[in-house]
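These are the residues of each chain, in order.
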Amino acid sequence: AQSVTQLGSHVSVSEGALVLLRCNYSSSVPPYLFWYVQYPNQGLQLLLKYTSAATLVKGINGFEAEFKKSETSFHLTKPSAHMSDAAEYFCAVSIIQGAQKLVFGQGTRLTINP
Amino acid sequence: DGGITQSPKYLFRKEGQNVTLSCEQNLNHDAMYWYRQDPGQGLRLIYYSQIVNDFQKGDIAEGYSVSREKKESFPLTVTSAQKNPTAFYLCASSILGGDTEAFFGQGTRLTVV
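Chains as they are written, first to last, in our numbering: chain S, 217 to 330; chain E, 2 to 114.
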């Protein structure tokens, strides 16, 4: 079955430091992968998506992710963290088994230290 | 502006009562979804629908029911059979196609008192 696993439920970095949030997927076919961000008590907002057009995907707010088939990974990075990046981040995979659905990882809460 | 609207934002329910959460979208999306979010558990799929008058159970459908009488609307009923209904509920919609992203509402926080 297709799924995603996020390594680390909580990540803490200093302002200006590199942000790295990890996501590994399991899929027998080329997957469609997504990263979403959620601010407290709000819905989810799309950061970026991988749809096989390019392995390095750039998203909003300076985030990017690289699809690595050999490592079955789709890690999210940002070169320099900002206080406003503090939020919860979710990796997701799109599954079509009869009907279409989006399956999410457990989420990673990102904290930024001043 | 196009978007997806959930109401109410906060909802309190007494034990043993059914309650219905509203979800409306004006994005002309065919697919709609309901997720439940609990701390540390990510988003779990309750029900999803690709077309009017048709829907499928997700991973945690027990104690919930839905209807899809109109393309724009996908209400979720939390029944008294749901043992632990206190949670944050998120509705989403998308166009059909595996590479398309879902758009989310702002969520409804349900508390059983």
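Simulated from the structure, these hints should not be mistaken for laboratory data.
Hints are supplied without guarantee of correctness; some may be wrong.
[As the list claims (entries may be wrong)] Using 30 Å as the maximum straight-line C-alpha spacing, the simulated BS3-like pairs for lysine-lysine come out as follows:
#, chain 1, residue 1, chain 2, residue 2
1, E, K10, E, K84
2, E, K58, E, K15
3, E, K15, S, K265
4, S, K274, S, K285
5, E, K15, E, K84
6, S, K265, S, K285
7, E, K72, E, K58
8, E, K10, S, K265
9, S, K265, E, K58
[To be verified] Far from chain S, some chain E residues (derived; all Cβ distances over 10 Å):
#, residue
10, G43
11, K71
12, A103
13, R110
14, T112
Where a beta carbon is used, it is the ideal one built from N, C-alpha and C, also for glycine.
Open item on the list: If you test the structure against every hint from before, which numbers come out violated?
Closed with: Of the numbered hints given earlier, those the structure breaks are 3, 10, 12 and 13, listed in rising order.
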